[in-house]
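Protein chains in written order, with the numbering used here: chain A, 1 to 312; chain U, 313 to 563.
Worth double-checking, as some hints may not be accurate.
[To be verified] Calculated from the model, a selection of chain U residues having no Cβ within reach of chain A, i.e. all distances over 10 angstroms:
hint: 1; residue: G364
hint: 2; residue: T366
hint: 3; residue: K417
hint: 4; residue: G418
hint: 5; residue: G439
hint: 6; residue: A460
hint: 7; residue: K502
hint: 8; residue: V503
hint: 9; residue: A507
hint: 10; residue: K529
hint: 11; residue: E540
hint: 12; residue: E543
hint: 13; residue: A563
[Unchecked claim] Per the computed footprint, the stretches of chain A lying under chain U, defined by three or more beta-carbons under 8 angstroms from a beta-carbon of chain U, are:
hint: 14; stretch: 47-55
hint: 15; stretch: 66-72
hint: 16; stretch: 133-144
hint: 17; stretch: 246-252
It is worth saying that the hints were derived from the structure and are not from the lab. All C-beta atoms in this analysis are idealised placements derived from N, C-alpha and C, irrespective of residue type, glycine included.
Here's the letter readout for the chains.
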Amino acid sequence: MSNDIFVITEHMDGKFSDVSFELVGKAKELASALGGQAVAVVVGGGVSSNAFASDSTIHVDDAALSQFNPEAYGKVIEALVKEKSPRLVMFGWTATGMDLAAWLSARLGVPCAAYVKNIGADLTMSCQAYGGKMAADVAAEGDMAIAACLAGSFPVEAGQGSTAATTIASPVDLSSLKVKFVEAIKPAGGDVDITSQVKLVSIGRGIGGKENVELAEELAGKIGATVSCSRPVVDAGWLPRTRQVGKSGLKVKPKLYFMLGISGAPEHLEGMKSAELIIAINTDKKAPIFNVAHYGATADLFEVAEAMLELL
Amino acid sequence: MNIVVAIKHIPSTADDLPVKGNNVDFDSVDFVLNEFDEQSIEQAVLVKEAVGGTVTVVGVDMIGELDGVLHLALAKGADKAVKITGDDPAADSHQQAKWLSEAIKGMSPNIVFAGVQASNDLDGQIGPMIAAHLDMPYIGGVSSVEVAGDSATINKEFAGGVGAKYSVSLPMVVGVQASTKPPRYAPVSKVRQVAQTATIEKVAPSGDISSGLTFKKMAPPVVTGHAEMIEGSSKEVAKKIVELLKSKGLA
């Protein structure tokens with residue numbers, strides 16, 4: 001049993017995600033207090049792994065790991081964790097972390113906390129629960145824990161460095177996997193790139209139906225903006241995924257982010273909280289977006305939009 | 313093909329959540345179907361319609377009110393409904409995943425669907441944990457599933473429209489983020505008809521497990537800022553917003 005903090009980093013197309021650096025930075029702080037090491041774990045090739053400010057970096061390379069494969073990556077991480085017995089295993093609460101953290105928890109019988117925003121020196125984890133409506137502090141029993149952390153929780157710079165990685169072969173046999181990577185899926189081309197837009201009119205569930213998207217498009221047209229949206233609008237088939245802002249969509253930083261009927265769930269905020277001017281219209285005065293927006297109104301979005309059209 | 317959908321009845325976040333001690337007061341909240349489970353149920357029915365088989369929807373009955381959700385799933389095309397009589401509003405993901413896995417084992421599933429996440433997944437999601445218990449591969453964040461014979465082609469979403477296609481030897485567990493098509497609508501009349509005729513199988517919970525998490529505090533987050541609220545009628549609000557935009561050269 002060590003006092004080391006493991007960070008399971010993630011990379012795509014030769015680049016590490018920001019959350020990987022955030023976690024390594026935090027791991028350094030925690031490890032130092034525990035008298036252990038912050039260990040960056042890199043799984044898969046095609047990336048320069050001497051990128052972290054970790055105390056050490058383990059790079060597991062194997063042909064079967066060249067693309068993210070939850071089965072292969074899970075087996076490798078499980079074997080490493082069993083061998084090294086770190087005090088804490090940190091994942092990003094991301095598309096990859098969400099495939100691995102809870103799985104590892106059930107496999108090892110080790111507690112796992114998700115939606116983690118902060119970790120105290122005593123390893124108490126502060127989590128954003130219930131769609132951001134509650135903040136929970138939890139402690140893990142036992143001598144190992146797993147923390148799946150929200151991107152954007154810690155500073156990126158603290159994790160950036162040049163620690164030389166030790167490259168090792170896979171600690172487990174990866175010759176008979178049930179999951180096989182077939183091909184990458186690129187974003188659908190031909191639609192506007194919302195990340196390059198200066199002004200966005202963003203619609204949420206509150207827009208009610210596909211037939212009402214036109215109203216937002218008209219308003220956007222009047223002010224030289226483009227229409228974007230939250231995830232439920234895409235899932236309902238009202239707009240293509242290329243317009244989606246948020247954790248599983250795109251990150252935008254426009255001069256204007258005008259929101260109609262979006263509640264401001266954490267997953268959406270992750271994609272737009274750095275916008276310069278955020279104006280939110282939502283009938284729910286307790287909508288979390290009002291804690292983040294610069295200006296807000298609890299008004300009927302249709303009435304406001306129609307009235308704005310008459311004035312513009 | 314035996315298709316299983318594991319659903320989660322979760323505390324509604326529509327209103328403020330009541331707190332008792334260091335956790336949510338689970339005895340005082342409404343429970344609703346996890347929003348991602350709507351996608352999950354739809355994806356399962358689409359697979360059945362494509363390749364045949366039966367869809368069994370199974371969930372832990374947290375507060376004795378799961379029947380309505382199960383009837384809705386049946387009205388949308390599921391064939392069987394099973395409720396695990398957990399009767400424990402505080403049962404966490406670890407506990408539910410264990411009970412669900414024990415129940416699902418006997419169903420000899422070829423594919424198990426679960427919503428990719430739920431807002432009360434403080435200790436992780438049930439999908440990956442069910443996969444661990446059943447020793448099946450798991451892929452989450454899935455937006456497309458096609459089954460052919462004993463393998464499935466899965467589209468996993470990363471961020472911003474980037475994704476990856478995988479081929480998986482069944483059985484497997486899928487964490488559904490979005491179904492290939494938006495969830496279908498089941499008319500109230502159909503749901504009512506199902507409620508009158510359907511039998512819901514009851515299964516006793518089996519396998520106690522703890523998440524190993526101790527709750528030290530649960531409270532609404534400390535909010536450091538708030539929007540400047542624009543008051544007035546919709547017309548007045550619109551006027552002020554247009555003025556604001558114009559003053560900043562944004563309109």
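Hints, one by one, checked against the model:
1. Look at G364 of chain U: its CB is around 22 angstroms from the nearest CB on chain A, clear of 10 angstroms, so calling it non-interface holds up.
2. A cut-off of 10 angstroms between C-beta atoms confirms that T366 of chain U is not in contact with chain A; the least separation is 23 angstroms.
3. The Cβ of K417 of chain U lies farther than 10 angstroms from every Cβ of chain A, with a closest approach of about 15 angstroms, so its non-interface assignment holds.
4. No Cβ of chain A approaches the Cβ of G418 of chain U within 10 angstroms, the least distance being about 19 angstroms, so the stated non-interface status holds.
5. Distance check on G439 of chain U: its Cβ comes as close as 8 angstroms (rounded) to a Cβ of chain A, failing to clear the 10 angstroms threshold; non-interface status is violated.
6. No beta-carbon of chain A comes within 10 angstroms of the beta-carbon of A460 of chain U; the shortest separation is about 13 angstroms.
7. Interface exclusion of K502 of chain U from chain A stands, the closest Cβ pair being 21 angstroms apart, more than 10 angstroms.
8. With a least beta-carbon separation of about 20 angstroms from chain A, V503 of chain U lies farther than 10 angstroms from that chain, consistent with its non-interface assignment.
9. Chain A leaves A507 of chain U outside its interface by the beta-carbon criterion, the shortest separation being 26 angstroms against a cut-off of 10 angstroms.
10. At roughly 4 angstroms, the least C-beta separation between K529 of chain U and chain A is not larger than 10 angstroms, which violates its mark as non-interface.
11. Look at E540 of chain U: its CB is around 5 angstroms from the nearest CB on chain A, not clear of 10 angstroms, so calling it non-interface is violated.
12. The claim that E543 of chain U is not at the interface with chain A is violated, since a C-beta of that chain comes within 10 angstroms of its own (minimum 8 angstroms).
13. A563 of chain U, annotated as away from the interface, has a beta carbon of chain A within 10 angstroms; the closest lies near 4 angstroms.
14. For the stretch 47-55 of chain A, the assignment as covered by chain U is violated, since 0 residues bring a beta-carbon within under 8 angstroms of that chain's beta-carbons and 3 are needed.
15. Judged by the Cβ-Cβ criterion of 8 angstroms, the stretch 66-72 of chain A is covered by chain U as claimed, because 5 of its residues qualify and three suffice.
16. Under a criterion of three residues with beta carbons nearer than 8 angstroms to beta carbons of chain U, the stated coverage of the stretch 133-144 of chain A is upheld, 10 such residues being counted.
17. Under a criterion of three residues with beta carbons nearer than 8 angstroms to beta carbons of chain U, the stated coverage of the stretch 246-252 of chain A is upheld, 5 such residues being counted.
Checked against the numbered hints given earlier, this structure breaks hints 5, 10, 11, 12, 13 and 14; the rest are met.
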